[in-house]
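Chain by chain, the residues run as shown.
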Amino acid sequence: MRGRRLAITLGVLAPLLGLLAYGFYRDPRYIPSPLLGKPAPDFRLVTFDGKEIRLAELRGQVVFLNFWSSWCPPCRAEAQDLEAAWRALKDDSVVFLGVAIQDRKENALAFLREFDVTYPNGMDTGDIAISFGVWGIPETFFINRDGVISYKHVGTLGPGLLAAKIDEAGRNIVSAREGKGSYQSIR
Amino acid sequence: MTAILGQGSVLVALVFALWGIVAPVLAAQTKRETLLASARAAIGVQFAMVTGAALLLIYALVTTDFSIKYVAFNTTRATPIYYRVTGLWGALEGSLVLWEWILVIFAALVASIYRDRHRDLMPWVLAIFSVVSAFFLGVIAFASNPFEQISPVPADGRGLNPLLEDANMLTHPPLLYTGFVGLTVPYAFAMAALITGRLDEAWIVTTRRWTIIAWFFLTMGNLVGAWWSYHVLGWGGYWAWDPVENAAFMPWLPATAFLHSIQVQEHRRMLKVWNLSLIILAFSLTIFGTFLTRSGILSSIHAFSSGPVGAFFLAFLALVLIGSFGLLAWRSDRLRAQPQLDSLLSRESAFLLNNVVLVSALFTILLGTIFPLVSEAVTGVQVSVGAPYFNSVAAPLFLLMVFLMGVGPMIAWRRASWDNLRRNFLWPASAALALGIALFVWGVRDFLPLLGFTLLAFVVFTILFDVTLAVRARRRIACEGLFSALATLARRNQRRYGGLVVHLGVVLIVMGIAGSMSYSTEREATLAVGDTLRISKYHVLFEGLRGSQQPTHYRVEGLFRLFNASHDLGVVAPALKFFPNHQSPVGRAVRRGTLAEDVYLILSGFSELKENRATLKVLVRPLIVWIWLGGAVVALGTLLAIWPFRRRVTVEA
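Listed in order, the protein sequences are those of chains S and C. So the first sequence is numbered by our numbering: it starts at 1 and just counts up by one. So the second sequence is numbered by our numbering: it starts at 1 and just counts up by one.
There could be a bad hint or two in this list.
As the list claims (entries may be wrong) - Which bits of chain C does chain S cover? Going by a derived footprint, with three or more residues having C-beta under 8 Å, they are:
hint: 1; stretch: 41-48
hint: 2; stretch: 224-232
hint: 3; stretch: 310-316
hint: 4; stretch: 367-377
Please keep in mind that the hints were generated in silico from the structure rather than gathered at the bench. Predicted model only: the values in this text are computed from it and were never measured. From the three backbone atoms N, C-alpha and C, an ideal C-beta is built for every residue, glycine too.
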């Protein structure tokens, strides 16, 4: 009788505790993007040197679109890799674009100077990050020649993965899953 | 130096906590008085050491000793002194120190108050306290050390999250923690009763007052949190069913159930297993709440930065749940042979039903809180459960609870006769019904609010009716005046009248919630200077923007002239505050209110200062002020229930 009661108690509590333990293996902030394999929303970005870029005008080229902020440690961590990749790839009809979000202009400019970033960057006027559903930075979108999002990565991006995904975007391969590195939640 | 002293105190306290577990167990077995005395001393040393550690951390915060990482992350040189002190509970590591500090204060109080009483229970009570204390000290010492040093020492600190730089930071967390930790007292006595097998009513009678105190702090902690959310966070609401809000509210439900069902055990010796389960549940939920806030397994605005402590808390939660309920299951044969319910129409069945409602509310809220986990574990898809679920399941349960609040205190024990029912309820029920009809005629047509207000009126009328009868009898018998009759009644039966006053407070709170949930309106518009926004009988004229540099931040205020009909209520200035080290601005909403309704203005955005355009959101929320007034009434009622009046009753009789 006693044994049975103890067994029932354990039987009720163990799954509950198991469920809570399972919680450690998931990320409650994670939002899967519905945009993978869909056309990227168009936008207009005014770069820090005053040029205006429209995404729609970049059809026919692979676009690497990176959302970042100067106060975000993982963004700092990947900044050098991104710039190195840009210098290696810029002749292969690939466009790199950086969009600073939730940032002050002077801080963003200091960040670009610090990492000697040469690809075009601009401030989000408020709606680009929203239309891409950005929730953690850095967040990066790979857009193929047809303007379709072929891959999305939340968090830091290693140089190997970056090159591989640019290559895939060039060959119109759409990834089945998004990737994740260490990120800063902005929600 | 401070860091080494602090760390040392924590380690010494931990050693004594471990001795505090061993010594009472030995004392209980050998009956040696010296061992028990050393267990008490172990509690005393923990109290001294933890107090020392907490004061050292406060000292480091106040003197901005940035060689300590916790200080560097949670203060700056510009932080005013009181926010340096509140930095103690501004982040994970320090908040655990505060928790442990309150715990050892309770432990020391219990150890000294019951020095000569409960000789069988006390060793185990002290041992349970030391188990909990050892756990927290272990986490503080090894997983989240507040005295960790950094080098190089930064020139200035990063500062508290700006949302936490608010006067409510002085009250909300300590109140809530005191409520949480206070539940350890009845839990420790309950465990001692289970371990020793002395399962009579002694532990309940002893811990009743402690439970009321913990319940009081829990209630106030939640209400002050709601107040803070409403008055400061600037979104116009006071409760969002966020996982961590739920975590703070959930222990309140079994604690409230417990306060009612122990009366059934005192009067009828029933519900022994149930009462033990409730207090285990309430205590486990406090640990569960700490686990939720500190593990990062659910997304919440309250979450502390997650770290390794989550696993420690889960392990401790497992120990508490399995250990306590296991012990209860093992002892349950001694808890048999209880009297049965005599009748469904009795106070004990009303209290039982109240318990069922409270525990159902607990499990629906628990389910909603952990449902994202359940759904992802089972289907792999993350679902979030929002306010609509909680509101729709909680509202009917709480209305039922309100109804029972009217019935429970007035119905007779054992078996209510028709005479008793008619005498106590005929008038109040008729009056409430009449008021309900009047409200309907007046224009309240939605079912839930109509039912809600009618039930609230019913509770008020039962209380007024009961007090009137008692006062009349008293005046007749003792020839007292109205006020002295009331005073005598309250003093002679302070638990009952304290409880009734608490009920009145809860009625006011529910009225505020019902009114503000059912009849709020809001409008948002972007205004140029000279534009007016109209909402219900108010209109708001935009007069311009003003920017100013404050000591810790840059502030942009929108200046609006507020009119109620044509009556000028003056200029109000909702603002957005920009802190240099934090990404998004912090809002400062402005509220103007009467007993009938609040009008609430939020500056949600603005253009460049010279363009002078502002986006303004205005909410009109009826009856909301009654939530806070109700809270004050609950506080008064609780004081009345536990105030140590001199017992002159015997002399008079």
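Quick rundown of the hints versus the structure:
1. Beta-carbon proximity to chain S at under 8 Å applies to 0 residues in the stretch 41-48 of chain C; the threshold of 3 is not reached and the given coverage is violated.
2. Only when three residues or more bring their CB closer than 8 Å to a CB of chain S does the claim for the stretch 224-232 of chain C stand; here the count is 0, and the claim is violated.
3. Look at the stretch 310-316 of chain C against chain S: 3 of its residues bring a Cβ nearer than 8 Å to a Cβ of that chain, three or more, so the hint holds.
4. Counting residues of the stretch 367-377 of chain C whose beta-carbon sits less than 8 Å from any beta-carbon of chain S gives 6, enough to reach three: the coverage restraint holds.
Checked against the numbered hints given earlier, this structure breaks hints 1, 2; the rest are met.
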